[in-house]
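A.B. asks: Start from the sequences and build out the full structure, keeping to the hints where you can.
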Amino acid sequence: MSLDLATERRHRVAAAPDHHTRDPALPDPTEPLAVNVTGLRCRECGEAEELGLNHVCGFCFGPLEIAYDTTAIAGRVSRARIEAGPRSLWRYGDLLPTLSADPAHRVDLGTGLSPLRPAPRLAGHLGLDELWLKDDTRNPTGSFKDRVVTIALSAARALGVTTLACASTGNLANSVAAHGAAIGLPTYVFIPHDLERGKVVGSAIYGANVIAVEGAYDDVNRLASEVADTHGWGFVNVNLRAYYAEGSKSIGFEIAEQLGWQLPDHVVAPLASGSMYTKIDKAFTELAHYGLIDGEVATRMSGAQATGCSPISEAFGRGSLDVWPQRADTIARSLAIGNPADGYYALQVAERTGGAVSDVGDDEVVEGIRLLARTEGIFAETAGGVTVANLVKLVRDGVIEPGERTVAVISGNGYKTIEAVADHAGPTHTIAPSLEALHAALDR
Amino acid sequence: MPTVRIPTPLRKLTDGEAAVVVDGGDLRTVVANLQARHPGVGERLLDDQGELRRFVNVFVRDEDVRFLDGLDTELAEGDTVSIVPAVAGG
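Protein chains in written order, with my numbering: chain A, 1 to 444; chain B, 1 to 90.
Keep in mind that the hints are not guaranteed to be accurate.
As the list claims (entries may be wrong) - Chain B regions said to be covered by chain A (calculated; three or more residues, Cβ under 8 Å): (1) 4-14; (2) 49-55.
Claimed, not checked - Output of the computed footprint for chain B on chain A, the stretches with three or more beta carbons under 8 Å from beta carbons of chain B: (3) 51-62; (4) 209-223; (5) 232-243; (6) 338-347.
Think of the hints as simulated: they come from the structure by calculation, not from any bench.
Glycine residues also receive a C-beta, built at the ideal position from the N, C-alpha and C atoms.
C.D. replies: Next up, the structure:
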């Protein structure tokens, strides 16, 4: 769409009557985004903290989250305003942390508004009436991490951060490296030394400093935490975590808007730290709070893990909210977090919504990747295989009922982890360059 | 004596010190001695039952103490204890 067309569309949509909110005192839907945060707040004890590079409550050590100016947001946000917004996650800018009204602080590589695709062939295979795929393989660096990085880096700019960093299982490193390059800030990404090649190259190509740490992701995480403490860098998932995590809400906002401002009956999403999964649920709750959807939130949230790193699924099976850390050993490297920071909250969401958390073996992960590719033409990385394989399992076990309108979140692109399926996908026929050779091969 | 590395959120209780050398043969004793010297640190690390809080990760010799013996993890002369808040996913 050309800029002129986009502008024209925006005006046309903005001029249309808003059936949802009719108060003439509301601001023009096209008015620029305004600051909508008042500070940080401890999720556990409620203690207030100032906005800044801080993720831990100084009183009880609990995680800090964004304190929003909910009154101001309620006075601004509307379906019409969202629909008139940009074709990226910034259309939900009123509901995401905006620390500065200066548009120059806003990072936007076009992330978000990824397709929500009907998946009739996969649904038929599973015996579901209605299945949708949230195709986040389509973001700028091929994973949903572009969402959290967009928000974290916009906050970082507003806070005056001059060096960016992250601890990563791969996808986050790719995204931070790309966005850091695009906004011209030095970037350090910390990754396990033995990651998939596509994820290493996919960070280094952007000119980032790639620090390969001789250890597992949980070791990388710990080191990053200590570096953040001593170097003052903006670590997107450490001291910028409160802002970062909110970016995942955009998946939930989009699912609702793309279903015509309705919520699905069931969502299946992958679980690593558990953050994205909990934020999709939070998004649904906020949409109801601000009157952007009709009725109550009744979406069941189910989480997907790989058995080789399944601390949240293990706790769910025990009926406990206490997550015991594990040493990860799975091909699903992007989900290989043995000590998941939001596991406790993810378990609360599963319990409250009547969902489940389950896990599947690596062979099933590979089969999940192949099934998704062969039925719906989406090539997902291992996390997508985990999600699809758990979807199969949850339907088979009767957790997901055939009549439930179900959405599966496909969070990353398969070209990043071709090692996982390389042994299962190669030439089916190798022939001499002649018709005879082709016919002979096809007849065999 | 073991050295305890103090994360930023706790340094206001340790007069800004980033590392504190504390006596103790196991983690529980070290935390108690740390609390005695810098009142307030212990209650930030331990819950009402005296166990490590959910969001506190403690590493001894670069190993998460939940893979060792938790608060009963033994400490030797020269060991380093790291207190690390939980981190989001990657």
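A.B. asks: Output the indices of the hints that this structure fails to meet, ascending.
C.D. replies: Those not satisfied: there are none.
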